[in-house]
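Student: Which chain is which? The protein sequence lines are A and B, in order.
Position 68 (the first sequence) corresponds to 62 in this note's numbering; numbering is contiguous.
Residues are numbered in this note's numbering as their position in the second sequence, beginning at 1, plus a constant of 47.
Bear in mind the hints are in silico, worked out from the structure with no lab data behind them.
Misleading hints may appear alongside valid ones.
Claimed, not checked - Quick list of in silico lysine-lysine cross-link-like pairs, DSBU-like style, CA-CA up to 35 Å: (1) A:LYS187 to A:LYS10; (2) A:LYS148 to A:LYS44; (3) A:LYS148 to B:LYS233; (4) B:LYS243 to A:LYS225; (5) B:LYS86 to A:LYS148; (6) A:LYS48 to A:LYS187; (7) B:LYS86 to A:LYS237; (8) A:LYS(-4) to A:LYS26; (9) A:LYS235 to B:LYS86; (10) A:LYS10 to A:LYS191.
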Amino acid sequence: MKVLVPVKRVVDYNVKIRVKADGTGVDLANVKMSMNPFDEIAVEEAVRLKEAGKANEVVAVSIGPAQAQETLRTALAMGADRAILITVDGPIEPLSVAKLLKGVVADENPNLVILGKQAIDDDANQTGQMLSALLGWSQATFASELDLGDTTAKVTREVDGGLQAIEVTLPAIVTADLRLNEPRYASLPNIMKAKKKPLETRTPDDFGVTVSPRLRVIRVEEPAGRTAGIKVAGVTDLIEKLKAEAGVI
Amino acid sequence: MAILLFAEHDNQSLSDQTAKALSAASLIGGDIDILIAGKNAGSVADAAAKLSGVRNVILAEGDTLEHRLAEPTAALIVNLSGDYDTILAPATTTGKNVLPRVAALLDVMQVSDVIEVVSPDTFKRPIYAGNAIETVQTTDATRILTIRTTSFAAATGDNAPAPIKTIDAGSDGTGLSTFLENILSKNDRPELGSAKIIVSGGRALGSAERFQEVMTPVADKLGAAIGASRAAVDAGYASNDLQVGQTGKVVAPDLYIACGISGAIQHLAGMKDSKIIVAINTDEDAPIFQVADYGIVGDLFDILPELERQL
Ligand SMILES: Cc1cc2nc3c(=O)[nH]c(=O)nc-3n(C[C@H](O)[C@H](O)[C@H](O)COP(=O)(O)OP(=O)(O)OC[C@H]3O[C@@H](n4cnc5c(N)ncnc54)[C@H](O)[C@@H]3O)c2cc1C
Ligand SMILES: Nc1ncnc2c1ncn2[C@@H]1O[C@H](COP(=O)(O)O)[C@@H](O)[C@H]1O
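Extracted from the complex, chain A is given alone in its bound form (with noise of 0.2 Å):
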């Protein structure tokens, strides 16, 4: 069974980033870049899911720019075969980016794509959900726990109120939470090796989809800020203050 992983080139996620003034966007000039934490996730299951003899091979794909090979690189070197980039330069909007990866599933066939669950750049939340829309494939979102069988998995999500476990039938859609695994560090000899594996280029013309944005970005501004206030004492202070002064107990 062949596995695909979705994964994207996000600000990482240490980093406190700054909005520009101009109020146009984010300010990502000489800004450390990793991998998006829930792609780790996934292409840990997803290498997982071939240590386990589940899986036979483990496609890593990304969409963005010339950089993005070094996302993907960390992929490889956690255990992906191979991989494949689709150059884009800007940003891209989740329902281009599940246009995209129909194309991909066209070509590849995987039985299973493990995406993560949100990218902590957007945080839109919606990328899996849209693949498995364009597909007409099952999906199973916010995965903590996932059971892989020859014709079906059970995953379990997690939801609201807790957990809820859901079977859905392959070939599927899963998004990775933050608890489906603790992923890998890659070892040295296998970022090494990670050079050697294949990295195929491609671009959106070669999958006929257009990836203008529909929606129109007019400000990004920050949000209001909290400033600190004051450290209290002790407990009788701090009751005091909030039942004087801040009126709240």
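Since chain A is already given, all that's left is putting chain B with the ligands on it; use the hints.
Tutor: The following block gives chain B with the ligands in isolation, referenced to the frame of chain A:
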């Protein structure tokens, strides 16, 4: 044209997140219908019918809709979509699961987590874990939105009831996935989403037992909901539905007490719109103090029992 609001409920009661999303819908303007997809959900439809500003309640019931699995539910909404130019839902795990599927089937780009309605086609939403707010204008014929409910007050619910129309559940999208079971965590505390006070615990709590021992008495005294950081949930001190943050629940209570939580960006994303924030942390440089109105530098194992005694 009109607006379709996909309601959040558990077949027995209507979630107040629906009433909050309804307020967002009212700001967009137009006739608003509420869709209840479920099974034996008549009481939910009755509750929805009483919300202010509702034209019709549409009730679709059937086995395949009982748990609002994404595939049949999205197909149902797509079948109704011709009558609406806006389709929205609260940004619950159900809304997030179903609406992007609807959007792709209609070839529309969804606007996720709307926090402000600027005009009927222009919305504000947080990006980068809430560290930036973008204003976006949709260009699609149908607008599909999920609503971050902490940003909107609930619509009132004691109006003269709107008509309830029953429709067929349909069979599109069925058979792709099957519901097995819900493993819902039981607690009789106020819900995180609607609680006035939240006491939230982090990695510092050290174990599930100590989390219970130290957090619960304070929460009981305050009538508060309990929340947790990702670290506390990952370590098994608290259940996953208590996680507050970028990928957990977004909350905005009157009072949020963060105990032994460092204040990572991803945690702040879920609670920094709280009215008053209190932080208890041994590290006086912990980032949580930068957003806290009142901070106590100290050991939570001393401070929380003391707080409980003095309340
Ligand atoms: C993609 C992604 C998504 C994430 N989403 C979320 C999310 O939704 N929610 C979330 O919370 N996190 C999320 N995180 C994790 C986040 O980055 C932090 O790792 C996490 O919030 C840390 O939890 P913590 O503050 O409990 O633990 P720590 O950062 O370890 O902090 C523990 C704090 O306790 C203090 N302390 C220790 N002992 C005591 C004591 N006796 N008394 C008082 N204070 C004490 C320490 O000084 C420290 O500040 C996410 C991370 C990623 C990568
Ligand atoms: N440009 C991209 N390249 C590859 N995968 C992507 C891209 N954008 C989104 N994805 C995948 O879709 C998931 C959800 O992204 P989003 O819907 O943008 O929150 C991510 O975790 C990735 O797995």
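Student: Taken at face value, is the distance from the CA of LYS44 of chain A to the CA of LYS148 of chain A at most 35 Å?
Tutor: Given that 35 Å is the threshold and the Cα spacing comes to 17 Å, the pair holds.
Student: Could you grab the alpha-carbon distance between LYS86 of chain B and LYS148 of chain A and see if it respects the 35 Å cut-off?
Tutor: holds, 23 Å
Student: Holds or violated: are the alpha carbons of LYS243 of chain B and LYS225 of chain A at most 35 Å from each other?
Tutor: At roughly 23 Å apart (the allowed maximum being 35 Å), LYS225 of chain A and LYS243 of chain B satisfy the hint.
Student: Given the proposed pairing of LYS148 of chain A with LYS233 of chain B, does the C-alpha separation stay at or below 35 Å?
Tutor: holds, 23 Å
Student: Has the given pair, LYS48 of chain A with LYS187 of chain A, been kept, meaning a C-alpha gap of at most 35 Å?
Tutor: holds, 23 Å
Student: Holds or violated: are the alpha carbons of LYS10 of chain A and LYS191 of chain A at most 35 Å from each other?
Tutor: Cα-Cα ~33 Å, so holds.
Student: Is LYS235 of chain A within 35 Å of LYS86 of chain B, Cα to Cα?
Tutor: violated, 48 Å
Student: For the pair we were handed, LYS86 of chain B and LYS237 of chain A, check the Cα-Cα distance against 35 Å.
Tutor: violated, 46 Å
Student: Please verify whether LYS(-4) of chain A and LYS26 of chain A have alpha carbons no more than 35 Å apart.
Tutor: Holds. LYS(-4) of chain A to LYS26 of chain A sits at ~32 Å (cutoff 35 Å).
Student: Given the hint that LYS187 of chain A pairs with LYS10 of chain A, test it: the Cα-Cα distance must not exceed 35 Å.
Tutor: holds, 33 Å
In terms of the numbered hints stated before, the structure departs from hints 7 and 9, listed from lowest to highest.
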